[in-house]
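Colleague: Protein sequences, first through last, are from chains A and B. Residues 481 to 810 (my numbering) make up the first sequence, in order. Residues 31 to 282 (my numbering) make up the second sequence, in order.
Hints should not be assumed to be uniformly reliable.
What the hints assert, rightly or not - With the C-beta cut set under 10 Å, the calculated list includes, among others, these residues of chain B facing chain A:
1) C59
2) A62
3) L127
4) F203
5) S205
6) V235
7) W272
Note that these hints are calculated values from the structure, not bench results. For glycine and all other residues, C-beta sits at the position ideal for the given N, C-alpha and C.
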Amino acid sequence: MYAQMIKTAGTGVKSREEMSEQERAFQDKIDADIKIEPKDWMPDDYRATLIRQIGQHAHSEIVGQLPEGNWITRAPTLERKAILLAKVQDEAGHGLYLYCAAETLGVSRDEITEMLLDGRMKYSSIFNYPTLNWADIGAVGWLVDGAAIMNQVPLQRTSFGPYSRAMIRICKEESFHQRQGYDAIRKMAEGTPEQRKMAQDAMNRFWYPSLMMFGPSDKESVHSAQSMAWKIKINTNDELRQKFVDQTVPQAEYLGLTIPDPDLKWNEERGHYDFSEPDWSEFFDVIKGNGPCNVDRLAARNKAWDDGKWVRDGLLAHARKKRGAKVAAE
Amino acid sequence: MTRDEAFLQFLLRMGDNTLILGHRVSEWCGHAPVLEEDIALANTALDLIGQTQMWLSLAGEIDGGKSADDLAFLRDAWDFRNVLLVEVPNGDFGRTLMRQFLFDAWHSIMLGRLMTSSDERVAAIAAKASKEVTYHLERSSDTVVGLGDGTEESHARMQEALDYLWPYVGEMFVSDDVDAEMVAAGIASNPSDLREEYDALVGRVLAEATLTTPESRFAHKGGRDGRMHTEHLGHLLTQMQWLQRAYPGATW
Ligand SMILES: [Fe+2]
Ligand SMILES: [Fe+2]
Ligand SMILES: [Fe+2]
Numbered sequence: 481m482y483a484q485m486i487k488t489a490g491t492g493v494k495s496r497e498e499m500s501e502q503e504r505a506f507q508d509k510i511d512a513d514i515k516i517e518p519k520d521w522m523p524d525d526y527r528a529t530l531i532r533q534i535g536q537h538a539h540s541e542i543v544g545q546l547p548e549g550n551w552i553t554r555a556p557t558l559e560r561k562a563i564l565l566a567k568v569q570d571e572a573g574h575g576l577y578l579y580c581a582a583e584t585l586g587v588s589r590d591e592i593t594e595m596l597l598d599g600r601m602k603y604s605s606i607f608n609y610p611t612l613n614w615a616d617i618g619a620v621g622w623l624v625d626g627a628a629i630m631n632q633v634p635l636q637r638t639s640f641g642p643y644s645r646a647m648i649r650i651c652k653e654e655s656f657h658q659r660q661g662y663d664a665i666r667k668m669a670e671g672t673p674e675q676r677k678m679a680q681d682a683m684n685r686f687w688y689p690s691l692m693m694f695g696p697s698d699k700e701s702v703h704s705a706q707s708m709a710w711k712i713k714i715n716t717n718d719e720l721r722q723k724f725v726d727q728t729v730p731q732a733e734y735l736g737l738t739i740p741d742p743d744l745k746w747n748e749e750r751g752h753y754d755f756s757e758p759d760w761s762e763f764f765d766v767i768k769g770n771g772p773c774n775v776d777r778l779a780a781r782n783k784a785w786d787d788g789k790w791v792r793d794g795l796l797a798h799a800r801k802k803r804g805a806k807v808a809a810e
Numbered sequence: 031m032t033r034d035e036a037f038l039q040f041l042l043r044m045g046d047n048t049l050i051l052g053h054r055v056s057e058w059c060g061h062a063p064v065l066e067e068d069i070a071l072a073n074t075a076l077d078l079i080g081q082t083q084m085w086l087s088l089a090g091e092i093d094g095g096k097s098a099d100d101l102a103f104l105r106d107a108w109d110f111r112n113v114l115l116v117e118v119p120n121g122d123f124g125r126t127l128m129r130q131f132l133f134d135a136w137h138s139i140m141l142g143r144l145m146t147s148s149d150e151r152v153a154a155i156a157a158k159a160s161k162e163v164t165y166h167l168e169r170s171s172d173t174v175v176g177l178g179d180g181t182e183e184s185h186a187r188m189q190e191a192l193d194y195l196w197p198y199v200g201e202m203f204v205s206d207d208v209d210a211e212m213v214a215a216g217i218a219s220n221p222s223d224l225r226e227e228y229d230a231l232v233g234r235v236l237a238e239a240t241l242t243t244p245e246s247r248f249a250h251k252g253g254r255d256g257r258m259h260t261e262h263l264g265h266l267l268t269q270m271q272w273l274q275r276a277y278p279g280a281t282w
């Protein structure tokens, strides 16, 4: 999922007695599954948390273009090139929907973009890993989009109207992303020995980073409890991670790929797979900026933004001139 | 030259233009000045690659049952038949959009004519591509006008882009034996016949963009007939063809 370690604003869930009348009415709406719309009253902490969460999600879609874009010019067939282009174009579109949703909360796209570029806001840890062979593109669609979907599907029911509607549009496209990824890696898993080697190599490198996408366990976190009470978080990180593992293991088996976890096994009693936790110290390193690609990713986004300044300024100046001419003519 | 040989050359010219330009445009992915441009550039590249699949599939049929992928990924630079304009590097965003505009203008006129081709397959591809290219032209014209008539800096950059690219325009209108054969068969118009309409269209947009059309009619040539490409094409192919070349016979 693309929003990780979102710090929930406030001090945790309040009891009904502690709530003001406005807060009580707000919570009642949420409990009754009535959507909160931008013009409605909302607690400052709800607004602040949502801006962080939607912003980080949007930034992830944008930065996420880079590892996949890394292979567009090397895609092995015209068909694969077209599919990948369509997918990356979708991701940019997702970024756009989400920035628009964030704007309804009173923060402009430029403002939060600046916050991404100077490091005040984050994006998903997963995009700080490199794409090194063509099977990585399959692995990203299958595992990374697959993990993102786990989170995004329940978020279609989130309490904030614009966020929920953005998620509904996004989820329609995400299933195509996951399918094309699985199909690309399947082709390789069934291919020549070299292709199989690439597919396994991708699996080895992307498995644990995909599990990290859900974030560390938050079942005892007071912050998560608040976000869940507000219905901007629907499941715990562990629930989603388990669901992802349960879904992915049979798919990997079908492909004949080995998941790099010797302790992975079906637990009859629990009705779930047991699996090893990822190395959380690596995760925190990545979050702090020390992942394999953090510096390059941010540098690429900064360069695009800086190099593009004259374009944005030029188009804006032209729009102003045209508006001026129209006003003068009236 | 037999009619089939000429037809193959014609199809390669159409398909290689869209292939190489689509590739160039796709290089922008994730690096555009604003999100809307990232989306638009990816969309343009996607359309161009789709058109490539149609043109090169037909070319492959004529060429003894090759696939579009065989043609895209397994030919060397001297076999490519795109105009030089589409293979020049992207440069800044201004140059990329100016190149797009100069190509779109030609492309839209060309496809318009091809819609009445005597060859139904050509007419069908042109009809489909024409819809997409009308939109490309609309967008690239708007951007050229917006940036040409924007700030002092954007104006200067667009003029520089135009001056750099202008010598690559003429090649799109050179007619040779292949074209003569296509005209005789009623398959395509003579490229030189498109120039007047092109100059009028481009002149109108550049004037609105407050840009000065260079006077020289000098034209770099050699792409359409494969006689001499730029140094840039080899690098582009190195990247584009790498997997197919490194792992021959694999399916992807
Ligand atoms: Fe997405
Ligand atoms: Fe994604
Ligand atoms: Fe996606």
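Colleague: Could you run down the list of hints and mark each one as holding or not?
Modeller: Status of the hints after comparison with the structure:
1. C59: 4 Å, holds
2. A62: This interface hint holds because 7 Å falls under the 10 Å limit.
3. L127: 9 Å, holds
4. F203: For F203 (chain B), the interface hint is violated, since the closest Cβ of chain A sits about 28 Å away, which is over 10 Å.
5. S205: 29 Å, violated
6. V235: With Cβ-Cβ at 14 Å, over 10 Å, it is violated.
7. W272: 6 Å, holds
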